[in-house]
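Asker: The primary structure of each chain is shown beneath.
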Amino acid sequence: MIGTIVQNLFRFILLVFVQVFILNQITLPGSINAYINPNIYILFILMLPIKINRLFLLLICFVCGFTIDIFSSTAGMHASACLFIGLARPGFINLIMPRDGYENTVEMTLQGLGFRTFIIYTGFLVLLHHLALFLIEAFNFLNFFDLLLRVIISALSTLILIILSQLLTLRNR
Amino acid sequence: MRNFFLLIRRYNFLLAFLLLQGVSFFLIARNDGYQRAAIIGTSNQITGQAYEAYSNVTDYLTLGITNKSLAEENAKLRQGDSSAVYELGFELTHVNDSNAMQQYDYISARVINNSVKNVNNYLTLDKGSLQGIMPEMAVISSNGVVGIVKDVSEHYSTVISILHRSTKISSKIAKNNYFGSTIWDGKSPEYAHLYDIPSHALVGVGDSIVTSTYSGIFPRNILVGTVSEIGNSGQSFKDIEVKLSTNFRTISYVYIVRDLLKAERDTLETQTIEELKQ
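In order, the protein sequence lines correspond to chains A and B. Taking this note's numbering, the leading residue of the first sequence gets 1, the next gets one more, and so forth. Taking this note's numbering, the leading residue of the second sequence gets 1001, the next gets one more, and so forth.
It is possible that some hints are incorrect.
[To be verified] In silico SDA-like pairs for lysine to any residue, Cα to Cα no more than 25 Å straight-line:
1. B:Lys1187 with A:Leu128
2. B:Lys1168 with A:Ile22
3. B:Lys1127 with A:Leu128
4. B:Lys1068 with B:Tyr1106
5. B:Lys1127 with B:Ala1050
6. B:Lys1243 with B:Ser1208
7. B:Lys1187 with A:Leu161
8. B:Lys1187 with A:Lys51
9. B:Lys1168 with A:Ile136
10. B:Lys1243 with A:Asn33
11. A:Lys51 with B:Phe1013
12. A:Lys51 with B:Ala1050
[Stated by the list, open to error] One-sided excerpt, in silico: chain A residues whose CB lies under 8 Å from chain B:
13. Phe21
14. Thr27
15. Gly30
16. Leu55
17. Leu58
18. Ser72
19. Gly76
20. Met77
21. Ala79
22. Leu83
23. Phe92
24. Ile136
25. Glu137
26. Ser165
27. Thr169
Source of the hints: derived by calculation from the structure; they are not laboratory data. Glycine included, every Cβ here is placed at the ideal spot set by N, Cα and C.
Produce the entire structure from the sequences given, and follow the hints as far as they go.
Answerer: Here's what the structure looks like:
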């Protein structure tokens, strides 16, 4: 139990650091810059234990998003987007779970869930998060097609980074 | 009453979601634009220190570019120095100090955090209220306009850059004084658009766009950028694309402009508006 808390806390600090001091600092040439905007920090929420209390999950989502907000002067945008993950996650896990279900101890990783389920699970929640984030940030500022393009490209870049990070932390069994 | 509690218990998950979402949107609304102070932001001490430590390391990466732009500015200042001027006559060069008074103070600051990726971009500077920085002060670089101060803590301040959806820089075409507003379109950090220029105004590619004093934030004639493309938006106005003179990707030192006459101007202008309302 204590081990799980320490592990998640460590993951949280590491991902926030990577997000704020590495990913947010990278700039790409021309207007591509505005389209590729990965948010890998939400991997922290995705990897929380499968049977976490739903209210506690919402609170963690809020705190996680709010931490990013403090560092990027966005006051509430990431918090709000993360809350949507918190809302959708429990139901979505039930939906994609195999009929016989997972054990309570299953790890929410590429290895634990299997490639197909992990991609569906991560892909949907990442897309939801980015859609919420970009809508809140740029509602009636950008045209809808432009906004959608940003959501899709950024979500894809986040998904690729998440898969890469999963492959890097593969463990032998 | 009992049913009410049952209802809460039944939908506690959804209610908690709505409550926290409400808090988020309250914070977002409070953070909108530079007139309103954010409740919490990167100007606060803890994040300010984190960014300062980070930029102490990464500043070395842009040292070359920073040196070059500072050297260019030094050369420009040297040109305006009295030692670089050939004096034509005694009467002409005599400057009477009581004739002019200082209107603007320039406070130099280091950029310790910067973003160009989002639709709303901010910079964090290493100067704060201890150095006399206040919200709504103009921020410029050696190349041109940067943005407007939003929040200030003791040692740090945050700046809304031009690259922000709520920034409108009141600007004009330098050669003929037609004025409009420069607004970023949320795409490339190199370009912005100048709106509200009437279609009969003469303007060509390469013309300078500078600040006007209508907004009361920027000093006049600070370079915003140069015209890079001219199109038509509707019938009576031009849509002018402006190449921004400040390179937001490499910016590392800026000046915060303190307008010593701002309070006087603001009081007078609000007084006029109040009188008209009555």
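Asker: Could you tell me which of the numbered hints above are not met by this structure, giving the numbers in increasing order?
Answerer: Of the numbered hints, 2, 3, 8, 12, 23, 26, 27 do not hold.
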